[in-house]
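There are 2 protein chains.
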Amino acid sequence: MYAPNPTAAPLPNGCQHAGPTAIVMLNLGGPQTIDDVGPYLERMFLDRELIPLPFQEQLGRFIARRRTPKIQRKYAQIGGGSPIYQWTQRQGQAMVKLLDQLSPETAPHRFYIAFRYANPLTADALQQMQADGIQRAVAFTQYPQWSCSTTGASLNELWRELLRLGLRDAFTWSVIDRWPTHPAFIEAVANKICEGLTYFPPAERGNVLLLFSAHSLPLSVIERGDAYPQEVAATVQAVMERLGFSHEFLLAYQSDIKPFKWLRPSTEQVIRALGAQRRRNVLIVPIAFTSDHIETLHEIDIEFAELAHELGITNFKRAPALNDDPCFIRALALIAAEHLRAEQLHSSQYKLRCPSCENAMCRTLINPAKSASSGRAGGALGWSETALSRAM
Amino acid sequence: MYAPNPTAAPLPNGCQHAGPTAIVMLNLGGPQTIDDVGPYLERMFLDRELIPLPFQEQLGRFIARRRTPKIQRKYAQIGGGSPIYQWTQRQGQAMVKLLDQLSPETAPHRFYIAFRYANPLTADALQQMQADGIQRAVAFTQYPQWSCSTTGASLNELWRELLRLGLRDAFTWSVIDRWPTHPAFIEAVANKICEGLTYFPPAERGNVLLLFSAHSLPLSVIERGDAYPQEVAATVQAVMERLGFSHEFLLAYQSDIKPFKWLRPSTEQVIRALGAQRRRNVLIVPIAFTSDHIETLHEIDIEFAELAHELGITNFKRAPALNDDPCFIRALALIAAEHLRAEQLHSSQYKLRCPSCENAMCRTLINPAKSASSGRAGGALGWSETALSRAM
Chain A
-15 MYAPNPTAAP LPNGCQHAGP TAIVMLNLGG PQTIDDVGPY LERMFLDREL IPLPFQEQLG
45 RFIARRRTPK IQRKYAQIGG GSPIYQWTQR QGQAMVKLLD QLSPETAPHR FYIAFRYANP
105 LTADALQQMQ ADGIQRAVAF TQYPQWSCST TGASLNELWR ELLRLGLRDA FTWSVIDRWP
165 THPAFIEAVA NKICEGLTYF PPAERGNVLL LFSAHSLPLS VIERGDAYPQ EVAATVQAVM
225 ERLGFSHEFL LAYQSDIKPF KWLRPSTEQV IRALGAQRRR NVLIVPIAFT SDHIETLHEI
285 DIEFAELAHE LGITNFKRAP ALNDDPCFIR ALALIAAEHL RAEQLHSSQY KLRCPSCENA
345 MCRTLINPAK SASSGRAGGA LGWSETALSR AM
Chain B
-15 MYAPNPTAAP LPNGCQHAGP TAIVMLNLGG PQTIDDVGPY LERMFLDREL IPLPFQEQLG
45 RFIARRRTPK IQRKYAQIGG GSPIYQWTQR QGQAMVKLLD QLSPETAPHR FYIAFRYANP
105 LTADALQQMQ ADGIQRAVAF TQYPQWSCST TGASLNELWR ELLRLGLRDA FTWSVIDRWP
165 THPAFIEAVA NKICEGLTYF PPAERGNVLL LFSAHSLPLS VIERGDAYPQ EVAATVQAVM
225 ERLGFSHEFL LAYQSDIKPF KWLRPSTEQV IRALGAQRRR NVLIVPIAFT SDHIETLHEI
285 DIEFAELAHE LGITNFKRAP ALNDDPCFIR ALALIAAEHL RAEQLHSSQY KLRCPSCENA
345 MCRTLINPAK SASSGRAGGA LGWSETALSR AM
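Read top to bottom, the protein sequences are chains A and B. All residue numbers for the first sequence refer to the numbering used here, where the first residue is -15 and numbers rise by one. All residue numbers for the second sequence refer to the numbering used here, where the first residue is -15 and numbers rise by one.
Any given hint could turn out to be false.
[To be verified] Covered by chain A, according to a simulated footprint, are these stretches of chain B (three or more residues, beta-carbon under 8 Å):
hint, segment
1, 117 to 123
2, 195 to 209
3, 281 to 294
4, 325 to 339
[To be verified] Computed list of lysine to any residue pairs in SDA-like fashion (alpha-carbon distance at most 20 Å, straight line):
hint, chain 1, residue 1, chain 2, residue 2
5, B, K245, B, E188
6, A, K245, B, K245
7, A, K242, A, A107
8, A, K54, A, D240
9, B, K245, A, S250
10, A, K335, B, Y69
11, B, K245, A, R248
12, B, K245, A, E207
13, B, K242, B, D31
14, B, K81, B, R50
15, B, K245, A, K54
16, A, K245, A, E188
17, A, K335, B, E188
18, B, K335, A, K245
19, A, K354, A, I118
20, B, K242, B, E207
21, B, K58, B, D285
22, A, K54, A, Q85
23, A, K335, B, K335
24, A, K335, B, K81
25, B, K242, A, R208
26, B, K58, B, Y69
27, A, K242, B, E207
28, A, K245, B, L203
[To be verified] Label pairs and their in silico Cβ distance ranges:
hint, chain 1, residue 1, chain 2, residue 2, range
29, A, E327, B, G296, 43 to 53 Å
30, B, L147, A, R32, 51 to 61 Å
31, A, I241, B, P186, 29 to 39 Å
32, A, E327, B, P53, 32 to 42 Å
33, B, E179, A, T17, 54 to 64 Å
Treat the hints as calculated values from the structure; they're not laboratory data. We treat Cβ as the ideally placed atom computed from N, Cα and C, and that holds for glycine.
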């Protein structure tokens, strides 16, 4: 077990608390009902930071409308909507409860959900924070690995909405912008893999191939210098080290949309190849999202599972999503507590724009928290030791 | 400092030694003289496992001949040849000396150099091993990260040459096929970065951007499922964790050959973008080779340095290659000692062919060492603990 650093030292009576502290959970979100699918897709295809299109307004709306019935059918098959709101609610509630113990100096902690493409939207979160009298806020991405298409787009929306709503000076901010190899997160993923392995017949468990699958990105994003593939790969390595390289593993990328060129190998292509190689036991491990969503419940559990079955992959299973797993909640609380304790505005990478970035909005930080430093030097991700000073 | 696991417990008198043990150092090699450039390029362009071409024999020879004068000029500019043979000699000598202490049970250790495209070739190594009466051999790739284009091609050549020379049963083998995050290797790289930072004016050292650069690969190799980008990214992450994320960093890929599609972003493109962003301090860190070679001495030190200078990157420096650095020698010896002590034939990933592999030769292991296990379960890379058993 990863030993938490920020021990919950009780504060002396009468000691000044710095709270309340808002933990703003950033994620893409998902439609809660079938009727929400249209607006959800429209927000997505109108977002230049996710999917840059020529004639964005017109073409984006057109594509969203055209895809809506097909995507509605998929949501209908998984219960009529995305569970991401429910999971994020549960994660937030449990996280702040633990965080109050881990970081009494900044208690009480309140969580706010800011989805990029679904309710509650960023504006909803900000207005609620204002109503609650929040002053200090932490923007906490729920994507473990950085991408400008995910965390970047969410943060840019946050800064834009702050300005649009006239809340520029309402809150002071710091950002948890990535946590791809935080030991508590890695431990939670490793546990879920162990749980997934129990779905296999005992005699087969030693021969299971672990197929890590992350959402793909267009190659144009990768070529711009996005950190995503490096950080996803780092997560995979850390998980496998944690497991002692107990099983063979592969990393692939799912959910690409033709005809663009996307990051590969594609998960579907890999499943086909594994079928051709007569692999019989495959455990697919979602590695870039932390809750169940359509890519796990439909794309993996229905589409890929059917494909695998046709190909003769007898045991095709999925590791459970982290959802409200206590070990994952602990990771969220630890990451937030370490961030608050380190008094840093962001990771050492946040201010580094992609080499070929053309979006002037990127890597903004409006009204930075006064007590926090920009933390370039030393342990910027909070859980590492600085070894550099030796030679300097 | 990483604490070595295999302590040099002295053997009781009269105890049977298992040695001599051959450590066969696999690498691409390089032309030692200008006259060697032609044959070197010809071997390279005739290797289907590195560069598959239509009409390989004819087209490969043609391209090699056409490129020879240009490449000869580059080697002339770096002293008339590649230093990789000298560096590998020194690494081998120092490694086996330390290995004899770390692993007296398998002593004496002898190193043999098997280059894929330059002298000494694989056949030279095998014949010398036979002449020396070697029985037990370890094929030790000198590429830290796996790729079918590098380690894979070298190993396939090894197995082919064994058969061609009638040496199928002459030696028993095990393989060290990758070591992307071995702590002693990571420590050595981190030290070299610290050394590189001393090349900057003290006032600038905190603002240096670390640009990790690895040799690129064609996208076709990546799409086949090659582990290279995942393992390179893992090395970068481990080095940055070791450094406590002291500096901003990027990962890019160099040495692509037009007009094919290669893994990106390209190092050259990133340097151009950093120039446009008015970065003034860049430390480039070669991360996929361990000795100086034309990609460090010419492409980085001459070509990229000139480009950076033109772009106004005032301080463009390169971290020294590992070469005969004592910390790196220690890493090589530890990796070999841990491999021998673990009695494993290869890593847990070696037998896993790329999903879309069409090369039946791949992942062979001829005449495996009797005492070693195939090591699927548990600590297959030797330095990790198994955490899996909990759930099984």
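A quick look at each hint next to the structure:
no.: 1; hint: 117 to 123; verdict: violated (count 0)
no.: 2; hint: 195 to 209; verdict: holds (count 5)
no.: 3; hint: 281 to 294; verdict: violated (count 0)
no.: 4; hint: 325 to 339; verdict: holds (count 7)
no.: 5; hint: B:K245 <-> B:E188; verdict: violated (36 Å)
no.: 6; hint: A:K245 <-> B:K245; verdict: holds (11 Å)
no.: 7; hint: A:K242 <-> A:A107; verdict: violated (32 Å)
no.: 8; hint: A:K54 <-> A:D240; verdict: holds (16 Å)
no.: 9; hint: B:K245 <-> A:S250; verdict: holds (17 Å)
no.: 10; hint: A:K335 <-> B:Y69; verdict: violated (42 Å)
no.: 11; hint: B:K245 <-> A:R248; verdict: holds (13 Å)
no.: 12; hint: B:K245 <-> A:E207; verdict: holds (11 Å)
no.: 13; hint: B:K242 <-> B:D31; verdict: holds (18 Å)
no.: 14; hint: B:K81 <-> B:R50; verdict: violated (43 Å)
no.: 15; hint: B:K245 <-> A:K54; verdict: violated (33 Å)
no.: 16; hint: A:K245 <-> A:E188; verdict: violated (36 Å)
no.: 17; hint: A:K335 <-> B:E188; verdict: holds (17 Å)
no.: 18; hint: B:K335 <-> A:K245; verdict: violated (30 Å)
no.: 19; hint: A:K354 <-> A:I118; verdict: holds (15 Å)
no.: 20; hint: B:K242 <-> B:E207; verdict: holds (18 Å)
no.: 21; hint: B:K58 <-> B:D285; verdict: holds (12 Å)
no.: 22; hint: A:K54 <-> A:Q85; verdict: violated (46 Å)
no.: 23; hint: A:K335 <-> B:K335; verdict: violated (41 Å)
no.: 24; hint: A:K335 <-> B:K81; verdict: violated (46 Å)
no.: 25; hint: B:K242 <-> A:R208; verdict: holds (19 Å)
no.: 26; hint: B:K58 <-> B:Y69; verdict: holds (18 Å)
no.: 27; hint: A:K242 <-> B:E207; verdict: holds (16 Å)
no.: 28; hint: A:K245 <-> B:L203; verdict: holds (11 Å)
no.: 29; hint: A:E327 <-> B:G296: 43 to 53 Å; verdict: violated (35 Å)
no.: 30; hint: B:L147 <-> A:R32: 51 to 61 Å; verdict: holds (57 Å)
no.: 31; hint: A:I241 <-> B:P186: 29 to 39 Å; verdict: violated (50 Å)
no.: 32; hint: A:E327 <-> B:P53: 32 to 42 Å; verdict: violated (59 Å)
no.: 33; hint: B:E179 <-> A:T17: 54 to 64 Å; verdict: holds (59 Å)
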